[in-house]
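Could you put together the complete structure from these sequences and hints?
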Amino acid sequence: MELERERGITIKAQAVRVEYTARDGETYRLHLIDTPGHVDFTYEVSRSLAACDGALLLVDAAQGVEAQTLANSYLAVDAGLELIPALNKIDLPGAEPERVAHEIAELLGESVEDTLRVSAKTGDGVEDLLESIVERIPAPKGDPDAPARALIFDSEFNQYRGVVAYVRVVDGELRKGEAVVAMQTGTLADIDDIGFFGPDMTPVDSLGAGEVGYLITGVKDVAQLRVGDTLTSRARPAVEALPGYREPVPMVFCGLFPIETDQFDDLREALHRLALNDAALSFQPETSQALGFGFRCGFLGLLHMDIVRERLEREYDLELLATTPNVEYRVTLTDGSDELVHSPSEMPDRARVADIYEPFIRATILCPKEHVGAVMELCQERRGHHVDMTFLSEARTQLRYDLPLAEIVLDFFDQLKSRTKGYASLDYELTGMRPSDLVRLDILLAGEQVDALSMVVHRDKAYGSGRRLTERLQKQIPRQQFEVAIQASIGSKIIARESVKPMRKDVIAKCYGGDISRKRKLLEKQKAGKKRMKQVGRVEIPQEAFLSVLQIGE
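Counting in the working numbering, the final residue of the sequence shown is number 557, and the numbers go up one at a time with none missing.
Honestly, the hints are just simulated from the structure, not real lab data. Treat the hints with care, as some may be off.
Capping the alpha-carbon separation at 25 Å, the derived lysine to aspartate or glutamate pairs in DMTMM-like fashion look like this [unchecked claim]:
hint	residue 1	residue 2
1	Lys464	Glu380
2	Lys420	Glu69
3	Lys92	Glu22
4	Lys144	Asp37
5	Lys424	Glu397
6	Lys372	Glu432
7	Lys420	Asp358
8	Lys124	Glu7
9	Lys372	Glu69
10	Lys496	Asp352
11	Lys522	Glu501
12	Lys124	Glu138
13	Lys223	Asp195
14	Lys144	Asp174
15	Lys496	Asp440
16	Lys144	Asp208
17	Lys504	Glu451
18	Lys372	Asp417
19	Lys124	Asp94
20	Lys144	Glu29
21	Lys372	Glu342
22	Lys464	Asp358
23	Lys144	Asp27
24	Lys124	Asp203
25	Lys504	Glu474
26	Lys478	Asp440
27	Lys144	Glu22
28	Lys92	Glu113
29	Lys420	Glu432
30	Lys92	Asp127
31	Lys144	Glu85
32	Lys504	Asp454
33	Lys223	Glu181
34	Lys496	Asp509
35	Lys223	Asp208
36	Lys496	Asp518
Right, here's the structure in full:
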């Protein structure tokens with residue numbers, strides 16, 4: 004993907020099939036899946052691990068073990084896979100293979116000699132790596148004579164051919180032209196084309212047990228072939244479906260609105276197609292008085308949100324406005340019932356609220372020991388609770404904190420990188436909901452509430468946030484014929500205010516000398532007119548005002 008090349012990260016898992024002739028003279032067929040490493044794309048990793056029999060853990064010889072390395076190693080161990088540790092980029096001038104090998108050995112509880120040394124650039128050690136894959140990773144277990152069962156582990160939408168399903172055949176065999184059925188959705192289809200990735204799509208006549216490839220069925224409706232579904236033959240169907248995947252739980256929510264209101268249908272179509280390729284994306288329609296029709300979307304994290312927005316704009320030629328990201332809150336009302344709140348505008352009236360619970364995460368931060376103070380200071384600012392601290396080696400430290408998810412969705416990662424000169428790495432997992440003293444901060448323009456600018460903040464930070472928002476809006480809202488009050492409020496209590504001064508016509512310009520009462524009469528008349536205008540006048544909010552307030556980096 005163009006985005007992957009620009010950012011230098013993996014966003015989508017990619018499958019490829021290679022033939023390898025080992026030292027014993029046998030030819031082996033290896034199916035490899037390259038997965039992302041970032042915490043926001045953990046779902047891609049867990050789906051890939053469910054389709055595999057073993058995992059190769061690649062660690063950068065210069066960077067060393069990062070927080071994501073720990074998280075993804077545990078995922079592979081939990082999935083019961085054979086794990087092969089390897090050090091890559093040993094050709095770099097800054098590589099420290101001995102130090103990093105000790106870190107890996109400590110992480111996995113193995114000896115330092117078990118870690119392979121590889122340079123993908125020069126080809127050093129690649130043959131030993133392939134040999135150890137052949138020796139240590141078991142061959143796929145599957146019954147070639149049983150009724151066909153294939154797990155859909157990914158999919159994409161092709162404009163001309165419909166849904167392209169990426170499958171791992173577990174049992175039996177699927178052939179070109181065969182009639183198949185999806186066991187969860189009940190979708191009936193015929194296989195128009197079948198093949199493997201080499202890395203380009205290479206058509207074949209059939210895929211057998213243990214093989215990975217793609218199927219094209221001509222199905223145009225994206226909801227009919229879902230990731231995690233099981234495909235089986237219609238002539239000889241399997242009795243039991245494969246386990247599939249857990250539904251991903253969105254952690255960050257934001258509203259996406261088209262800047263051109265007539266692009267709403269295009270945005271809906273684009274989201275449906277993108278959700279096929281990105282199973283962790285969820286969305287539902289919502290309306291806003293200020294921004295019109297759009298969608299409230301759920302993401303696994305801020306990078307995930309950023310990538311989805313950019314893909315929608317690039318691949319589907321849309322211009323989008325994203326509201327401030329927020330998390331899901333659980334509100335206990337005074338009558339004892341519970342409500343889930345996805346956006347600040349849905350937050351019930353303060354008088355009806357007994358408790359507000361917000362999601363907390365357990366953050367694992369790895370950094371050089373000289374930056375520990377800066378990291379601890381940042382976590383304390385974000386309402387963090389210190390859990391523990393361990394030294395992985397003489398130079399590297401692991402810190403663990405419990406933090407509110409709402410405090411890290413905006414700029415926590417950027418701050419962490421800048422305060423540690425780019426050396427820290429972060430991984431986190433959701434630990435549950437905890438009660439917090441939260442309030443809804445509303446913005447009023449000329450006495451009217453603007454729903455798109457509401458936010459949920461901690462009571463201690465409400466005043467500072469309100470002050471900053473009103474100051475920024477004052478610079479963006481154009482002057483009217485009457486004075487416009489910009490207020491930040493918690494319930495009925497105003498906590499910050501700025502005013503946009505009115506434009507004023509010089510009504511006494513033609514009064515040369517004469518009695519002062521004549522001038523006063525004209526000024527009083529103007530004042531009365533402005534007062535009347537203030538009662539009936541509406542403030543139009545320009546798009547730039549929203550953009551300036553909703554900028555994530557601010």
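Outcome of the hint check:
The suggested pairing of lysine 464 with glutamate 380 holds, with an alpha-carbon distance near 17 Å, which does not exceed 25 Å. A threshold of 25 Å between alpha carbons decides the hint, and for lysine 420 with glutamate 69 the separation of about 13 Å falls inside it, so the pair holds. Of the supplied pair hints, the one linking lysine 92 and glutamate 22 holds, its CA atoms being roughly 24 Å apart against a limit of 25 Å. At roughly 21 Å between alpha-carbon atoms, lysine 144 and aspartate 37 fall within 25 Å of each other, so this suggested pair holds.
At most 25 Å may separate the alpha-carbon atoms for a hinted pair to count; lysine 424 and glutamate 397 meet this at roughly 19 Å. A distance of roughly 23 Å separates the Cα atoms of lysine 372 and glutamate 432; the hinted pair therefore holds under the 25 Å criterion. Note on lysine 420 and aspartate 358: the hinted pairing is violated, with a Cα-Cα distance of about 34 Å set against a maximum of 25 Å. Pair hint lysine 124 plus glutamate 7 holds up; C-alpha atoms about 19 Å apart against a cutoff of 25 Å.
Proximity of lysine 372 to glutamate 69 is assessed by CA-CA distance (about 14 Å); at most 25 Å being required, the pair is judged to hold. Distance restraint check for lysine 496 and aspartate 352: the Cα-Cα separation of roughly 13 Å lies within the 25 Å cut-off, and the hinted pair is therefore satisfied. At most 25 Å may separate the alpha-carbon atoms for a hinted pair to count; lysine 522 and glutamate 501 exceed this at roughly 30 Å. Restraint check: the Cα-Cα separation between lysine 124 and glutamate 138 comes to about 24 Å, which is no more than 25 Å; the hinted pair holds.
Taking the CA atoms of lysine 223 and aspartate 195, the gap is about 13 Å. The hint holds against a cut of 25 Å. Between lysine 144 and aspartate 174, the direct Cα distance comes to roughly 9 Å. Compliance with the 25 Å bound is thereby established for this hinted pair. Using a Cα cut-off of 25 Å, the hinted pair lysine 496 and aspartate 440 holds, with the two alpha carbons roughly 17 Å apart. At most 25 Å may separate the alpha-carbon atoms for a hinted pair to count; lysine 144 and aspartate 208 meet this at roughly 22 Å.
Of the pairs offered as hints, the one joining lysine 504 and glutamate 451 holds, with about 18 Å between alpha carbons and a cut-off of 25 Å not exceeded. A threshold of 25 Å between alpha carbons decides the hint, and for lysine 372 with aspartate 417 the separation of about 19 Å falls inside it, so the pair holds. For the proposed pair lysine 124 and aspartate 94, the alpha carbon gap of about 8 Å is at most 25 Å, so the pair holds. Restraint check: the Cα-Cα separation between lysine 144 and glutamate 29 comes to about 19 Å, which is no more than 25 Å; the hinted pair holds.
Proposed proximity of lysine 372 and glutamate 342 is contradicted: the alpha carbons are some 43 Å apart, above 25 Å. Straight-line distance between C-alpha atoms of lysine 464 and aspartate 358 comes to about 18 Å, which keeps the hinted pair within the 25 Å bound. Proposed proximity of lysine 144 and aspartate 27 is supported: the alpha carbons are some 22 Å apart, at most 25 Å. For the given pair, lysine 124 sits about 22 Å from aspartate 203 by alpha-carbon distance, which is consistent with the 25 Å threshold.
Taking the CA atoms of lysine 504 and glutamate 474, the gap is near 13 Å; set against the 25 Å cutoff, the hint holds. Annotation: proposed proximity of lysine 478 to aspartate 440 is violated, straight-line Cα distance about 31 Å (limit 25 Å). Of the supplied pair hints, the one linking lysine 144 and glutamate 22 holds, its CA atoms being roughly 19 Å apart against a limit of 25 Å. For the given pair, lysine 92 sits about 21 Å from glutamate 113 by alpha-carbon distance, which is consistent with the 25 Å threshold.
Of the pairs offered as hints, the one joining lysine 420 and glutamate 432 holds, with about 19 Å between alpha carbons and a cut-off of 25 Å not exceeded. Between lysine 92 and aspartate 127, the direct Cα distance comes to roughly 10 Å. Compliance with the 25 Å bound is thereby established for this hinted pair. Proximity of lysine 144 to glutamate 85 is assessed by CA-CA distance (about 14 Å); at most 25 Å being required, the pair is judged to hold. Between lysine 504 and aspartate 454 the CA atoms are separated by roughly 24 Å; this keeps the pair inside 25 Å, and the hint holds.
The hinted pair formed by lysine 223 and glutamate 181 meets the criterion: a straight-line CA distance of about 18 Å does not exceed 25 Å. Taking the CA atoms of lysine 496 and aspartate 509, the gap is about 37 Å. The hint is violated against a cut of 25 Å. The hinted pair formed by lysine 223 and aspartate 208 meets the criterion: a straight-line CA distance of about 23 Å does not exceed 25 Å. Of the supplied pair hints, the one linking lysine 496 and aspartate 518 is violated, its CA atoms being roughly 46 Å apart against a limit of 25 Å.
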